[in-house]
Structures are given as C-alpha cells and as structure tokens.
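**Student:** In order, the protein sequence lines correspond to chains A and B.
In terms of the UniProt record's numbering, the first sequence opens at residue 1 and continues consecutively.
In terms of the UniProt record's numbering, the second sequence opens at residue 1 and continues consecutively.
Be aware that one or more of the hints could be misleading.
[To be verified] Among the chain A residues that face chain B by a calculated CB cut under 7 Å, a handful are:
(1) L111
(2) P112
(3) H113
(4) R145
(5) L149
(6) P179
(7) G202
(8) T203
(9) T209
(10) K217
(11) F218
(12) I229
(13) W268
(14) F278
No lab work stands behind these hints: they were computed from the structure.
Remember, it's a predicted structure, so these values are computed and weren't measured experimentally.
Glycine is no exception: its CB is placed at the ideal position from the N, C-alpha and C atoms.
Number of protein chains: 2
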Amino acid sequence: MTSVLFQRVALIGIGLIGSSIAINLRERKLAGHIAIATRRKDTLDRAQSLDLGDSYHEDFAEAVAGADLVVLCVPVGACAALTALIAPALAPGAIITDVGSVKGAVVSAMLPHLPANVHFVPGHPIAGTEQSGPEAGFLELFENRWTILTPLENCDKAAVARLQNLWEAMGAMVEVMSPDHHDLVLAIVSHVPHLIAYNIVGTAADLETVTQSEVIKFSASGFRDFTRIAASDPTMWRDIFLTNREAVLEMLTRFSEDLASLQRAIRWGDGDALFDLFTRTRAIRRSIVAAGQDTADANFGRLRQHKDLPGQQ
Amino acid sequence: MTSVLFQRVALIGIGLIGSSIAINLRERKLAGHIAIATRRKDTLDRAQSLDLGDSYHEDFAEAVAGADLVVLCVPVGACAALTALIAPALAPGAIITDVGSVKGAVVSAMLPHLPANVHFVPGHPIAGTEQSGPEAGFLELFENRWTILTPLENCDKAAVARLQNLWEAMGAMVEVMSPDHHDLVLAIVSHVPHLIAYNIVGTAADLETVTQSEVIKFSASGFRDFTRIAASDPTMWRDIFLTNREAVLEMLTRFSEDLASLQRAIRWGDGDALFDLFTRTRAIRRSIVAAGQDTADANFGRLRQHKDLPGQQ
C-alpha cells in the first residue's frame with residue numbers, strides 16, 4: 001500500500017541527497033508533485049533528463065509556492081541566503097527542513113528569515129557516498145540508515161511526526177535530538193574522520209622521499225580507504241568545518257592528545273599499550289557490523305577480481 | 001598450462017596470508033608438496049580440516065626439511081626466534097622468504113641466524129583484509145596487487161627471479177626495492193593510516209558527551225570505514241609499529257604538523273585553504289581508481305540493502 005504524504009514537495013538543490021529523495025518520492029509514490037529547483041541551469045537540465053521530478057525551476061520562489069514540504073538539499077553555507085530568498089513565497093503551514101551535516105549553524109542561519117506560520121524542522125540523513133551530483137542518487141541510500149531530526153523546543157509535534165513518517169517511508173530510522181548534541185555526535189563520527197582522511201592524503205601527496213606513483217600503487221595496504229572519504233565534495237565539507245567549528249576543534253584536540261600518547265608508546269616501545277588499544281577497537285567494529293551499519297564481508301565486500309587465471313584451465 | 005615452481009613449499013604460520021598462499025599453490029598447482037607448520041595445535045587442526053596442505057607439522061624443523069622454498073607467514077616480531085629454530089634444518093640452496101609488513105627489522109632479525117648456503121629474499125604482499133586466521137584466506141587475495149621484494153645486495157639473482165615467478169603466478173605484480181625504502185613507503189600508505197584509524201576509534205570510545213551506542217548507530221557517516229582498518233590483527237600491528245618505529249615516527253610528525261595547520265584554518269575560518277586541500281585529495285582518489293587499485297563504485301560497492309520496501313508492490 002502506498003500513500004501520498006505531501007501534495008507538493010519542493011527540493012532545493014539536486015545533488016546526491018536531493019536526487020535520492022526525488023527517486024524515493026517518485027518510486028514510492030510519497031508526493032503528489034515533485035518540484036525541483038537548483039542554481040545552475042546545467043544541473044537542472046541534468047535532473048530533468050534523469051526525469052527526477054514533475055517540474056523544474058530556476059526561480060526558487062516559484063518552486064516552493066504551494067509546497068507543503070520544502071527540503072533544502074544544499075551545502076550548509078548556502079542555507080541562509082536561500083532561506084531569505086524563498087521565505088516570502090512559503091505557503092502558510094508548510095514544513096521546511098534541510099539535510100545539512102551541521103545543525104546548530106543551520107538553525108542560526110535559517111531561523112531569522114522564516115515567517116512564523118511555517119514549521120521549521122531541521123534534519124540530517126546519516127547516509128551518503130563519496131559521489132555527488134544528480135546522477136549519484138539511488139533508491140536505497142537511506143535504507144537501514146539513521147536520519148536525525150533536531151526540532152526546536154516550541155516546534156509543532158504534528159509537523160515533526162509528518163516529517164518522521166516521510167523519512168521512515170524512505171526506509172530510514174529516525175532519532176530526535178537537540179542541534180547541539182547532533183553537532184557533537186557528528187563531529188566525532190563524521191567530521192573529524194573526514195578531516196584526518198583529507199589530512200593523511202595531503203601529507204602523502206607532499207612527501208619528497210616517496211613518489212606519488214608509489215602512494216597510488218601500494219594504496220591497497222590501507223591508504224585507499226582514506227582516499228574514498230577524502231574524495232567527498234569539497235564545498236560541502238569546507239562548509240561543515242567552518243560551521244561546526246567548536247565541536248570539531250574540541251574533538252580534534254582529543255584526537256591529537258590520544259595520538260601523541262600513541263606516538264610516545266611507539267617511541268618508547270610500549271607494546272602492551274598498543275596491543276590493548278588495538279584489541280579494544282576491534283570490538284567496536286564488531287558492534288557496528290552487529291548493528292547492521294556495515295557489512296561483515298572482508299574489505300567491505302569489494303568485488304574480487306576474476307581475471308583469467310593461469311593454471312585454472 | 002600449469003607448472004610446478006617448487007617441489008616442496010613450507011609455510012610457517014597459516015593465517016590470512018599463509019592460507020591464501022596455500023590455496024594458490026594448491027589451486028594453481030605451483031608446488032609439489034605443501035608443508036604447513038604453526039605454533040598452536042588448534043590452528044594447525046583448523047588448517048588441516050580446511051585441507052590447505054599436504055602435511056601438517058608442529059615441529060618447524062620437520063616442516064622445512066627438504067623444502068626448496070620456506071615462507072614465514074608470521075607477525076614480524078616472531079621472525080627472529082623462528083629463524084633460529086629452523087636454520088639448522090634448512091636445505092642447502094633453499095629460498096627463504098617472509099611476508100612481513102616491515103622489511104628492515106625483518107632483515108636484521110633473520111639474517112644473523114641464516115646459514116650462508118640458503119637464499120634469503122624478504123618479501124611483502126600488499127594485500128590483506130581485516131580478517132585473520134586460516135579460514136580468512138582466499139584465492140584472489142593477491143590478484144592485481146603488488147608484492148614488494150627487498151633482496152639484499154649480494155643476493156642470487158636467480159633466486160629472486162624464481163620467487164618473483166611464484167608471486168606472478170599467484171596473480172601479483174612484483175616490484176623490487178631496498179628494505180629501507182619499503183619501510184618508508186609502507187609507513188605512509190599503511191602504517192600511519194592504520195595508527196590514526198586505531199586512534200580515532202579509541203578517541204570516540206572514550207567520550208563522555210557522546211555514548212558508544214550513538215557512535216555505533218551513526219557510524220555510516222564516515223567513522224565505520226576507520227573501524228574496518230582498526231579491526232586488523234592486534235599482534236601483527238603492534239609488531240609493525242615497534243619494528244618500523246623510525247619511519248612511522250617521521251611520517252606521524254608530518255601528519256601532525258599538517259593536521260595542526262588544518263586545525264588553524266578551521267579556527268580562523270580559512271575556507272580557501274580547506275577547499276584547496278579537499279580538491280587536491282579528490283584527484284588522488286581518482287588516480288587510485290584509474291590504477292585499478294580500488295573500485296569506482298560508491299561506498300566501495302558495499303552491497304545495497306534490499307529489504308521489503310513499502311510502496312513497491
């Protein structure tokens with residue numbers, strides 16, 4: 001059984017997340033009308049050729065007019081200006097949400113521009129890949145993944161429930177928390193891991209004693225996992241670090257302290273300290289697999305190469 | 001066409017690498033006889049029940065007697081004592097190699113014990129998964145991956161060529177370099193990435209403000225990739241850090257310097273510095289995919305979940 005949850009959904013921005021939402025709305029028949037708007041004409045044309053929506057708009061106000069749900073699917077840094085632009089066109093009673101990876105700064109950026117007669121429910125689907133653009137979206141992106149909603153204290157409960165229903169209809173599990181706690185959690189599970197991945201890839205690229213071609217050839221020994229994360233969208237990630245500054249700096253300080261302590265253990269040959277940590281971290285991996293948040297397959301189940309093998313005739 | 005490259009291969013240690021070599025020797029008919037020896041009776045029994053070899057030995061000297069190839073597939077820290085143990089039993093003219101992730105320390109550990117009439121050719125297959133034990137091995141592990149050989153200067157060229165042939169017959173590509181250069185390359189492409197993965201997982205586990213269950217639930221946002229690496233064998237990795245100390249400390253210093261500079265860019269809101277690095281690192285990912293060292297599929301081609309979807313009747 002399917003049911004239309006919103007009559008008109010306006011998606012502002014149509015990258016990986018926006019296009020995955022569009023595909024979900026379409027395939028699961030969750031929206032009466034899907035209006036897509038984005039800044040660049042070229043991107044809008046690509047979305048249209050992929051048949052992601054029902055109407056396509058260069059004019060944001062036109063897209064949101066009459067929408068009972070508006071979803072900003074843009075880098076965090078673009079939220080303030082966009083909200084100012086669409087605010088006058090928002091229908092009374094509309095729900096407005098976003099998918100940004102930082103919530104405190106998004107609330108500060110959007111709230112001042114919003115009229116009192118709309119429901120603002122910030123959101124963040126914990127799902128993604130290193131790919132971007134309207135071609136990157138797919139139906140299963142949110143399946144079995146968490147979406148965090150961070151409604152403000154005075155927010156209409158019914159609006160939160162409607163948005164939660166939509167995310168669950170797209171396969172997600174939903175958790176509600178405060179914007180500040182969200183930003184702290186994401187700093188450690190996402191933002192600092194991305195930062196150190198970007199950093200190690202940069203360090204490797206700058207070496208004089210090891211060539212870039214050696215780094216690439218021998219990357220299967222661990223490094224290549226980091227390069228996937230370090231291939232994520234630069235604009236999106238610049239904005240995340242600039243807008244979740246306090247929490248990132250706090251977690252980064254702890255990370256560096258811990259790393260200095262490991263460095264000392266290596267310098268002084270303290271094998272027990274290393275072994276103890278390495279045993280503890282292995283258990284956390286097992287918990288993640290047990291919680292269904294990753295595959296148990298070796299190497300993430302990367303496809304094994306099946307070339308023509310000598311001796312297999 | 002198949003051809004037996006060695007009459008008797010002795011595998012000392014039968015974890016992920018040892019068992020993958022055994023499976024290759026067997027399936028591709030590269031050895032006349034596969035002798036397997038390991039310290040723990042339980043592991044030896046598991047290897048036997050998996051039918052990995054032709055003979056199984058608790059006595060290392062018995063395993064290597066008459067072997068024209070001996071491969072140490074044990075943690076780096078075990079190489080010295082093992083070599084002392086088997087040295088008297090080595091056949092004249094035998095090739096002895098290893099698969100350790102550090103080469104300088106392995107040479108220092110093994111060379112003093114070896115008789116002059118054997119050929120010592122240290123080696124390191126750049127292949128692995130986070131899994132360990134005799135059950136973890138598989139035929140394709142070395143396919144399209146590099147194996148580095150680090151022969152000493154006075155080494156017999158014919159022995160190096162025979163070992164290179166074997167690795168190529170198992171699907172690997174072979175590169176020859178000095179032990180010191182190997183250790184520098186691996187420090188940046190493998191050892192430091194593993195250390196920072198272990199470290200971030202430890203930092204996350206120690207937080208008071210974010211619960212462990214939150215870390216696990218929301219791990220799909222980046223963190224889970226690090227946990228895979230941080231689930232690697234603790235003994236093996238302890239030994240790597242203790243034995244490749246100088247190169248690891250050197251690379252770690254550079255990493256920390258670079259990270260401090262990124263931290264400063266975040267603190268002072270230098271978005272251009274962040275954007276520039278994030279753009280540069282994306283290009284390196286593309287080179288790794290282009291070199292065939294990783295899949296281009298999003299999320300490493302992790303299998304997408306296909307649950308029963310509402311609205312798909």
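**Student:** Are the hints correct? Go through all of them and say.
**Tutor:** Evaluated hints:
1. L111: 21 Å, violated
2. P112: 20 Å, violated
3. H113: 22 Å, violated
4. R145: 6 Å, holds
5. L149: With Cβ-Cβ at 13 Å, over 7 Å, it is violated.
6. P179: Not OK, violated: P179(A) not within 7 Å of chain B, min 14 Å.
7. G202: 5 Å, holds
8. T203: Constraint on T203(A) satisfied, holds at 5 Å.
9. T209: 6 Å, holds
10. K217: 6 Å, holds
11. F218: Hint on F218(A): holds, closest Cβ of chain B at ~5 Å, below 7 Å.
12. I229: It holds, given that the least Cβ distance between I229(A) and chain B is near 6 Å, below 7 Å.
13. W268: Violated, about 10 Å.
14. F278: 4 Å, holds
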